[in-house]
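Asks: Heads up: the protein sequence lines correspond to chains A, B and C, in order. Numbered according to the numbering used here, the first sequence spans residues 5 to 315. Numbered according to the numbering used here, the second sequence spans residues 10 to 315. Numbered according to the numbering used here, the third sequence spans residues 981 to 1231.
Hint data in this document are derived by calculation from the structure and do not stem from the laboratory. Fair warning: this is a prediction, and the values are worked out from it, not measured in the lab. Backbone N, C-alpha and C fix where the C-beta goes; we use that ideal spot for every residue, glycine too. Check each hint, because a few of them may be wrong.
Claimed, not checked - Simulated coverage check for chain B against chain A, where a stretch passes if three residues somewhere in it have a Cβ under 8 Å from a Cβ of chain A: (1) 29-35; (2) 103-109; (3) 112-123; (4) 231-242; (5) 286-295.
Read off the chains here:
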Amino acid sequence: MNSRTRAIVLGTGLVLLAAVPPVAGLFNQPFYLDLVRRVMIFAIAALSLNLILGYGGMISFGHAAYLGIGAYAVGVLAHYGIDNGFLQWALAIVASALVALVIGAVSIRTSGVYFIMITLAFTQMLYYLGISIEEFGGDDGMRLAVKSQFGLIDLNDGSAFYYLVLAILVLFLVLGHRLVNSRFGMVIRAARSNEARTRSIGFSPYPYRLAAFVIAGAMCGLAGALLVNHTAYLTPEFMNWTRSGELMFMVILGGMASIAGPVLGAFALLLVEDALSGWTQHWQLILGPLLVLSVLFFRHGLAGLLFGKNE
Amino acid sequence: MNIVLVLEQTLNGLQLGVMLFLMAAGLTLVFGIMNLVNLAHGSFYMVGAYLATTFYQATGSFALGVLLGLAGTLVVGIVVELVALRTLYERDHLDQVLATFGLILFFNELMAMLWGRAAIYATIPGYLSGHVELFAGLRYPLYRLVIIAVGLAVAGLLWFVVARTRLGMLIRAGASNRAMVAALGVNIRLLYTLVFGFGAALAGLAGLMAGPIHVVQPGMGELILIEVFVVIVIGGIGSIRGAFAGALIVGMVDTLGRAFVRPMLATVLSPSAADTAGPALASMLIYLLMAIVLALRPQGLFPARS
Amino acid sequence: MNNVLLEVRGLTKSFGALLASDDIDLEVREGETHAIIGPNGAGKTTLISQLAGNLLPDRGRVRFAGEDITALSAPARSHRGFARSFQITSIYRDFTALENVMLAVQAHAGHSFRFWSPARAERALQEPARRVLEEVGLGARAGVPGGSLAHGEQRQLEVAMALATRPRLMLLDEPVAGMGAEETQRMIGLISTLKGGKTIILVEHDMDAVFSLADRVSVLVYGRIVATGTPEEIRANAEVRRAYLGEEIAA
Chain A
5 MNSRTRAIVL GTGLVLLAAV PPVAGLFNQP FYLDLVRRVM IFAIAALSLN LILGYGGMIS
65 FGHAAYLGIG AYAVGVLAHY GIDNGFLQWA LAIVASALVA LVIGAVSIRT SGVYFIMITL
125 AFTQMLYYLG ISIEEFGGDD GMRLAVKSQF GLIDLNDGSA FYYLVLAILV LFLVLGHRLV
185 NSRFGMVIRA ARSNEARTRS IGFSPYPYRL AAFVIAGAMC GLAGALLVNH TAYLTPEFMN
245 WTRSGELMFM VILGGMASIA GPVLGAFALL LVEDALSGWT QHWQLILGPL LVLSVLFFRH
305 GLAGLLFGKN E
Chain B
10 MNIVLVLEQT LNGLQLGVML FLMAAGLTLV FGIMNLVNLA HGSFYMVGAY LATTFYQATG
70 SFALGVLLGL AGTLVVGIVV ELVALRTLYE RDHLDQVLAT FGLILFFNEL MAMLWGRAAI
130 YATIPGYLSG HVELFAGLRY PLYRLVIIAV GLAVAGLLWF VVARTRLGML IRAGASNRAM
190 VAALGVNIRL LYTLVFGFGA ALAGLAGLMA GPIHVVQPGM GELILIEVFV VIVIGGIGSI
250 RGAFAGALIV GMVDTLGRAF VRPMLATVLS PSAADTAGPA LASMLIYLLM AIVLALRPQG
310 LFPARS
Chain C
981 MNNVLLEVRG LTKSFGALLA SDDIDLEVRE GETHAIIGPN GAGKTTLISQ LAGNLLPDRG
1041 RVRFAGEDIT ALSAPARSHR GFARSFQITS IYRDFTALEN VMLAVQAHAG HSFRFWSPAR
1101 AERALQEPAR RVLEEVGLGA RAGVPGGSLA HGEQRQLEVA MALATRPRLM LLDEPVAGMG
1161 AEETQRMIGL ISTLKGGKTI ILVEHDMDAV FSLADRVSVL VYGRIVATGT PEEIRANAEV
1221 RRAYLGEEIA A
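Just need the whole structure built from these sequences, with the hints factored in.
Replies: Encoded structure:
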């Protein structure tokens, strides 16, 4: 499938997404607006993970940490009466970037299995930190005092919030696409493809990987700010390591070699989860083996099916 | 802070360390020999706890519960290896992580389905309960002493098998050159299945011993698994010796930290500040330790591979 | 062809009980093509890896243009003017031949913390890359993914990537490995056009290549340099013959 066809498919997808609020309104089913909005927020998070996982080959099992950091940045500020959305979301991004910088600086010196375990461990550390701070609800979490206030957009308006999320998703798709094809992106991809070769021609992968890790963390932090406004509730469960696993699955199911893949993956995973959980309370009993089978047999993901194997 | 308290917590640290070792040994063996990252290792811990508790309640005999629990976990481990994991040996680590993650979801839900989501309570039999008078006025639970003894015995047994027996030699050879060992006529598949089953049984042993002390509930395996990862990173992947050193270090630091960080902070901060900061800092201690070890020695303390 | 560009003193490397490099002394003069030959398992690739910075020696020193570079990493050496081709083909299989070479050019054309403009569209990267591909004879195959190239073409791409970084010193590890007679001749022709302008260390088994390209030859046996001299001197050397007894010298 060539790039023209791909552009048409993507364009159609975005038009469909834009159509959800009016259609949901028409049939008086706000549930679907909520559902798709939630999926899009996770798609943003998965997209950010794909930058380092799919393109960078860095198997980070701790990406959900940034959802938590972004959410807590907003929630904590709101708790203390600061509800300016610009300030809150800026903090969400900056805090996530800083934490990613620290975690990345230590972790990226390792590779392979060590990297997986370390990123997992650090996320768990943040999770425990979140649980132990009673001020913010401990492991029960707390309500979001008030949604982020932006002058022009009222996040309490379901549709307005929906379109904001969609706009951010589109923005990140564009940013991501430019990033992976830029000089920086080429180095990251080269380092993943053949590290020894990359060092021999004169690139030291570490600073590039660290930068990618920070960028991915910052993007996911924004997703966290969006998420907490969506759920109106803040809990350390945002950072639960199983959430990290879910994000990874969204990336894999969608197909790692494409920027838009994770969007497909988020839809696939969350819609399947939703459908299964409506059917039986033991839905994880079915989802688990489904995930195993998808890894064994469905390696290139949905984007691989639709677009062919290469970006 | 008196000496008795310190000794008591040190013993607790040793007990946690020994249990972490049982888990870490299995995980590191499987990784070292089969190059397989198994996130579902914690599920065997959970299965061991559930099976032993159930069999004890059903038969009234703790010993029988332990034996059947171990055997059951071994069987589950072997079945999982045969059914789900065989194809993963050739795959890359990402695939292994994802597939075993799916297994975790499955097992947690299975336990919830069979036993309910609420915790079930495991009990200690009469002859293992009660305290032992050690020294300096320290009365320590007999059960925990038994755990320490069992753990050290298993550590000794493992060392003996790996370093001194033919099987151990095969294991070490298989770790460095799989194809060669297979070419020598050794049944590699069987070896893998046995090693995996054994690792699962070790995890199950840790789980069933932990049952009476901690709660038995779905998801219990993952909580300790992440500490096991910290152990392996600190100790070095693929090495039993590293697993042992790492486990003891992590066990001590975590236990002593939880016991003494808050009181120590209280000497310099206000009681309420110490109450908030103390538990938070204590829970982060082993991860900070991991970060420091990584900064100084990225391959761990006793890596098997260079 | 006079100053010493690369000086190696006492280079030693062990892997456990295996002594792969045993107190190696080597001098490579500027502009010369210096071949390293030896029986299989002599430690030639280990030596190249230590020179290129992919492996750290246990003991010994490496000096390049007077500077002690023993502790420098591979990327740092690349920026000092080192380039390496690998014995086992090590290209980017998913990138096209052009993109492979463009990456090598990119590494030496300013910094790469540029996040927005598409790298593939940069003339400053494309043009030098195309020129190098032409030079090695891959001009027509620029758009083919590395993994789809024929084996001989991949070896050519290896050399192209080494060339694209405009090195002072090229470390070529068995460039004609696995090539047929015609391809070998082509590669020998290519390398001979580089002679004089670049300093080349050439590891080879193929004696055709060695004797037609090398100004001097060093013989590595069990990790030790046993002889250094012109190709004719080496051919006549009794110790070298002994070392190769039982080994085939391809005529």
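Asks: So is the region 29-35 of chain B in contact with chain A by the C-beta rule, three or more residues under 8 Å, or is the coverage claim wrong?
Replies: violated (count 0)
Asks: Taking 8 Å as the Cβ threshold, is the statement that the region 286-295 of chain B is covered by chain A upheld or broken by the three-residue rule?
Replies: holds (count 4)
Asks: Apply the coverage criterion to the region 112-123 of chain B and chain A: a residue qualifies when its Cβ sits closer than 8 Å to a Cβ of the chain, and three qualifying residues are needed.
Replies: n = 10 at 8 Å, threshold three: holds.
Asks: In terms of beta carbon proximity below 8 Å, does the region 103-109 of chain B have 3 or more residues touching chain A?
Replies: Contact hint for the region 103-109 of chain B vs chain A: holds, 5 residues under 8 Å.
Asks: Taking 8 Å as the Cβ threshold, is the statement that the region 231-242 of chain B is covered by chain A upheld or broken by the three-residue rule?
Replies: With 6 residues close enough to chain A, the hint holds.
Of the numbered hints given earlier, the model fails hint 1 alone.
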